[in-house]
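Number of protein chains: 2
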Amino acid sequence: MNPITIIFEPDGKRSCFKTGIRLFDAAKELGVEVRSECGGDGTCGKCKIIVVNGSNLLNGLTDQEKGLLTQREIGDKYRLSCQTKIKEKRDSSTCIITAFIPSESRLGERRIQVKGMEQPVPLNPAIKKVHLVLDKPTISNPVADDERLLTKLQDTTGLVNIKISYETSKTLSTTLRQANWDITVTIWDNKKIIDVEAGDATNDNYGAAIDIGTSKIVGYLVNLNSGEIVSAGMLENPQIQYGEDVLSRIAHAIQSLDNQDEIRRLVVNGINTVLESACWEIPWLGMNKIHEVTIVGNTAMTHLFLGIYPKFLSLSPFTPAVKGSADVKAKETGLRVHPEGNVHVLPCVAGYVGADAVADVMATGIHQKDEMSLLVDVGTNGEVFLGNKKELLSCSCAAGPAFEGAQIKYGMKAVTGAIEKVKIDPETFDAKYETIGKRKPIGLCGSAMVDTVAELLKTGIISTRGRFSQETIKTRRLITPEEEGTGSKSYVVAWKDETAINNDITVSTKDISEIQLAKSALHTGCAILMQKKGVTEKDIDRVYIAGAFGNYLNPENAKTIGLIPDIPTEKISFVGNTALAGAKMALTSRTIRELADKLSKEIRYVELMTEENFKREFIASIMLPHKDLNKYPSVQKYIRNKS
Amino acid sequence: MNPITIIFEPDGKRSCFKTGIRLFDAAKELGVEVRSECGGDGTCGKCKIIVVNGSNLLNGLTDQEKGLLTQREIGDKYRLSCQTKIKEKRDSSTCIITAFIPSESRLGERRIQVKGMEQPVPLNPAIKKVHLVLDKPTISNPVADDERLLTKLQDTTGLVNIKISYETSKTLSTTLRQANWDITVTIWDNKKIIDVEAGDATNDNYGAAIDIGTSKIVGYLVNLNSGEIVSAGMLENPQIQYGEDVLSRIAHAIQSLDNQDEIRRLVVNGINTVLESACWEIPWLGMNKIHEVTIVGNTAMTHLFLGIYPKFLSLSPFTPAVKGSADVKAKETGLRVHPEGNVHVLPCVAGYVGADAVADVMATGIHQKDEMSLLVDVGTNGEVFLGNKKELLSCSCAAGPAFEGAQIKYGMKAVTGAIEKVKIDPETFDAKYETIGKRKPIGLCGSAMVDTVAELLKTGIISTRGRFSQETIKTRRLITPEEEGTGSKSYVVAWKDETAINNDITVSTKDISEIQLAKSALHTGCAILMQKKGVTEKDIDRVYIAGAFGNYLNPENAKTIGLIPDIPTEKISFVGNTALAGAKMALTSRTIRELADKLSKEIRYVELMTEENFKREFIASIMLPHKDLNKYPSVQKYIRNKS
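As you go down the protein sequences, you meet chains A and B in turn.
Residue 1 is where the first sequence starts when you use our numbering, and the numbers rise one by one after that.
Residue 1 is where the second sequence starts when you use our numbering, and the numbers rise one by one after that.
Read the hints as simulated data drawn from the structure, not as lab findings.
These numbers were taken from a predicted model, which means no experiment stands behind them.
There could be a bad hint or two in this list.
It does not matter which identical chain is meant; a pair holds if it fits inside one copy or across any two.
Straight-line Cα separation of at most 20 angstroms, DMTMM-like style, residue types lysine to aspartate or glutamate; simulated pairs [as the list claims (entries may be wrong)]: (1) K311 with E167; (2) K390 with D200; (3) K533 with E611; (4) K115 with D25; (5) K152 with D200.
This is chain A alone, in the form it adopts within the complex (with noise of 0.2 angstroms):
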């Protein structure tokens, strides 16, 4: 007998299994990870999984799934995966079995931000589906279908000048008819059906909300009649095996018309996948059932979704080619959603001030409010905002891809079994840390980097500038280029025999460099934009924080190492995911659409390129927290070692 493929989804990992094993253990063979508290006895019920193919290939429901999973789950084609297992007879030719991993039912592996801070909107969105029964055609009533259909629609509504979109005529005429002229209509943007369903859909009335990040996707479903976000999705940005950086992926695309094709498939495609993981998890929900999706995503991200030549935002002036909003029929993107549903692509400010930046802005309301805001999303390019209600500033800062890894020696993302908090004891100057899903560590993210620089700086191992003072400090931790193997001095974070990657595990003097790099970039976004503004520190009653490492980057630390001004603690906000959220409120929200259009024109776009404190900024910021300690009061005190 064959063996039997099992596919693990989302992440569609797979291998072949013989007979009688349970796909509770083909997951733990696999390293996929699902949830179990009694460790597979079927007593708990946590390891759900759906079986969307293949279920012949397994044994009956048991007595522990028949009491622990409801009607509803059964008829939805749940299983507890410790009481599944492939059977020993099988009359079936198919070999394949697909299982679902529901969100309910995953460990949090990944540390990746999707929920942000959002603004409540009055719901209001493009999509709106009415229901209608027509009156049949007669010889005496010969109206056309068209006509019959708008009048109908004005006499319930009172929408009028609405159009039937051209592929929607096409069929109109049997639609109709099989329907029995019993039909949902879904409208967009009041100007335009779009789709003609049979009997009463209006409540299946779904969006999808997307945020391109330059190394991941994430977006989110939502049900257009409630506003309700209804399941989320999240993938690697599949763009990156051309380059971490916007920059290496703009050179790949403009080689060539069909690289510019390959590279925007490839986010196009990411996109399908996060859409369809999304669905996924409503098993009544098809693609087809989106009928509107909201995209940001930095301008480059934009750009190459499009498909528009991006060739000139990586030349300066950095000129982005279409800086206004989008609408484009889902069909002409390649998005796999209702083909004749409306995809919006938010407007950005600039060549480096995204949509995201955009969404940003929009879901802390920093544009509404009188406090004087500072906003700043951290990333490999960062994005930094300035004012309140009356006038905004913006600007980028090319921070570089050291927070999210790249470039330290010992980077990584925030997954699971990179460290993500560090302390280092003043005294013995030992280092304690955690890592994402309390593992053997492999690895340091980003807020573990500003931890550890923080620390090394408070306890006086690194000085103001960066550099480690072997001299004074007496730890074994410290090790030399030699011993490392990496040319500079570094500090040991996790022995080797703590980790799981059979190495000590550092920062080194380069690593340090790095960060400084980042992290005064950003400052001289900040301090540039003060300047402009006639603002100092005391004038700023908030900061918000936004960018996936966000809520776990510690406040102190960041102000510790420069990262962001010395304003209060208490006036620092993570806010997570704004980019998303904004995206979800343009998503439920015309009037939100409208918003991003008018900051996308009055946001005021500072070059700090032309600025002229812009080098001397930059270089004062690279010191640890910076040149002028004056500018740092709460950090002064901490400081054992300065040069």
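Got chain A sorted already, so can you dock chain B onto it with the hints?
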């Protein structure tokens, strides 16, 4: 040496020819008529052709050509066909010559009506071209490409809220830079930029108007800056292979999606051929310069063109799927004009009162006149309008294709060799006739059928029932069924030895019946609308006869057979192809499109089938001119043979 294929455009006739043959003679062999006054001696300069492909297979310019062609003509690849021959020595691998016969070299071999009456309209096309010179972006002015363009456009024209079409935006950044920021934008409907060209291209502003007839497609190329027609094109509707009438074509289309798409592609390619042949005449005008096409046609034709499922047009109550006007991107329709160009399909009134009929109304202006107008568009499906600026009634009459020559033994279309006028001597009963192109006759076109039936009636050869009175009339021209071979008595219009078909050209009782049925359908439409409106012949101020055979119809004879009501001839206007004229008006004026949408909704459609007088009136109208001769006082005096 291989023989060479010569293709003569726009007819597309082709064959293989040997070295040395003159294109003049090749054309003659293929029956392609090329004008010539000198008979091919190279002295008249009338036999001009344009050599599109394969000029390297031909001899060089002769002295005669150098003397008779202008420099411009020589630059545009004109030759004289009598001087052009396939040369002996050829070093090319191509073996095809494509020669285009420009309209000035064609004989008037086809008398298809293209021109029609039209109302003057202020020039206000949906397509506008604007020349702009933009500032280049710099680091101190890094404004995005789209914003830079739209701001300049607003400053120059005052236009706001303009979008850039998705396809245009994809390549915008390179287009602007390659044009060195000196560009011409094409704006559709004051809403969307659909093209950006380098330099000042404002003079190249073209659109096309198309009338898709059941039997032929006719079109104009129009300069949208001046509103002037620059050329015209015409083609038999290639769908004709699936039947002369719309019902056969619908029956074919609804058999499968493939069939529907095939029949759609036939008409789309037909329109492409019409436009290409119109473009041929203007050497500098490529299809890509056409940014808008307006389309009229009967409802079945517009449905088939758009790929809208047409089934229910053929089933009672004959409801159109789409009555409203449509704007579809050219690329989506398959028309090979500028892919981002717009195709505007005008609205219809009902399943059998199409956009062509709405165009008839606009071109004659009957909707804006105080006088009571009767408009009859004669065709396989006749449309009748009655009313004035207060109210217009419309109906559709299934006249059948008899006036276009179908179902008539010697019937034919109005092309070279067709008898177009007939007179019968009341004493000798002999016939005189005129043919199109002054050739030996090969058949009778619609106007000749009307003439013949009217003359037969006036001379008493047939009765008001349409029966031959062989007893009282003595002439060789009346032949028995046995002599004629059709099973019905006949009148010989042209003797065998006068014709080009080696057969008598006759009109039989059966032919006369077909004409009676056709004219009865049209008359019934007029009569019912007059009853509905409560008007009589005296109340009608003007009659407009539209349609292809309009101008060549003898109005007295049309009244004699009762095709139209008995209204003084001075009140009758032949208005030609008003459908195409209306399409052209809509092309040059957005106001006219609004008018069309309004008329489509406001014109009152009368369904003849549900009128209680319909059957009675139809039967009474079969008589020549009518059962109630009091309705035809001006005709009554001619009638010799009342029955």
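Results of checking the hints against the structure:
no.	hint	result
1	K311 with E167	between (34 angstroms within a copy, 17 angstroms between copies)
2	K390 with D200	neither (46 angstroms within a copy, 42 angstroms between copies)
3	K533 with E611	within (13 angstroms within a copy, 80 angstroms between copies)
4	K115 with D25	neither (32 angstroms within a copy, 81 angstroms between copies)
5	K152 with D200	within (15 angstroms within a copy, 48 angstroms between copies)
Comparing the model with each earlier hint shows violations of hints 2, 4; every other hint is respected.
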